[in-house]
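Chains as they are written, first to last, in my numbering: chain F, 1 to 239; chain D, 1 to 232.
Keep in mind that the hints are not guaranteed to be accurate.
Selected chain F positions facing chain D (in silico; Cβ < 8 Å) [to be verified]:
#, residue
1, Pro52
2, Thr146
3, Leu154
4, Leu160
5, Thr164
6, Pro168
7, Ala172
8, Gly176
9, Val191
10, Ser192
Since the hints were made in silico from the structure, they are not lab data. Just so you know, even glycine gets a beta-carbon here, dropped at the ideal spot from N, CA and C.
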Amino acid sequence: MQAPAFSIEGVFPPPSRDVTDSDVPPPAAPGDALAASAVPPMPAPPPPLPLPPSWTANLLAVDAELSPRREATRFGVGLGLAALYGLALGAREGRLAFLAHAAGVPAALLVAFGVGIPALYIFLALVDAPVAVAAVAAAATRATATAGLVLAGLAPAAALFVVTSERPGAAALAAGVGLAVGGAFGLGNVVSDLRRSVEGARAPVRVAADLAFGVFGLFAVIVALRVWMSLLPVLGGVQ
Amino acid sequence: MSAVVLNRLLRAPDEIAAACREDRDVRAIAATSLVALAVGAAVFGGVIGSFRGGVQIAYAALKVPFAMMATLALCVPAFHAIAAGLGRAFPLRVIVALALAAAGRAALVLLAVAPLLWLTFDRGLGYHAAALASALAYAAAGAAAFSVLVRGLGGGEGRVLTAVAFAAVFFAVGGQTSWILRPYLIRPRTWAAASQHAQKIPFLRAYEGSFADSLYKSSRSARDVYDEEGSR
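Just chain F, with the same shape it has in the complex (with noise of 0.2 Å):
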């Protein structure tokens, strides 16, 4: 039997334009005609609408049942969007420094949250956290989507800065300071995520909880630095 074929679409469907229920206003009850004749209305403003919907607004959309095909799916995209900063940043010795930056920033990304999740959720559950796996896996494939996200949104910006900077040195710190800038975003958000998850637990099983995320943001932080300085040529890395 032939599988069905994958496509992004087909998990992060495009965006839609359909009226729901909630957008149609109720019709008017009959006597409010009569009231409305006997004193001017005032024309009331007009509720804020919805955000229009988005492919981001799906990709990092939170959901309610774990669906592990999904979940890769984000984490790659999330992964493949940092590819797009790396590639930026090799847009200032060219040739191979496309390859090199392209592998070496995502790969932060990964050992971060592939080597430090799984730590964190063994801690969390040592401490009896009321997080489930599904919930961390989730967060921190929308951690890395949201890394991955922002990090491709500086990417035009990463290239204006490290293609018109004649010194390596300041080359080095506009490629550092957008780094910096996705990973705050991606830890942030993975954080937030499963901070709210331990909010209802007794206080000395949050404060447990807040310890392992103190020492996983440092881990990460850590480790992200280890691995963009040891591969990102930009940084100094392997040349």
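Chain F is already provided as a structure; the job is to place chain D on it using the hints.
Only chain D this time, still in chain F's reference frame:
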């Protein structure tokens, strides 16, 4: 180009921001803002170039709109990603419309201050005062643009952080883009040297340093600390 949209850009930034956010009239807003941006920035650029005069007027009239448009093109993906990362996953077209509307409003402010700036240049304003006056005009335009961007974010958590992040990205990218398209005003020293050697002022300066280096150097020279050329 719509006079109604131009009027709304100036008088009702709230309304324009809401229209962008709710994906209404974005085509008209974007088209009008783009025209306003091209015209306003070109006129302002021409006035900046009039500090030195001659071909520099045309050069600056080309470079200022280009710098603004390039800055927008480079910033929009970052705005989109940062807003999404902070809980406002707007479609990209909403961010494009919002950024264009903000830039269009800024260009209209530049268009408004251009005659005043031209008059001060004509009255013999010095180089440093001219640079400061131009920077103040940019700051006023930036404030007008920023008000549209902030309104476009709507209410809710993370609004200030998103706005600050937008401003930081815009300042850094705008600074670097403008810096690589120098010169605009032309220092008297550069002009004198070029005249002495019968050289033309180039359309773009040679590749050197970066915007950050330039800020650092300017902050030192403002404290009367001058680094020797070639010491780095």
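message: Could you work out which of the previously given hints the structure breaks and list their numbers from low to high?
response: 6, 7, 8, 9 and 10
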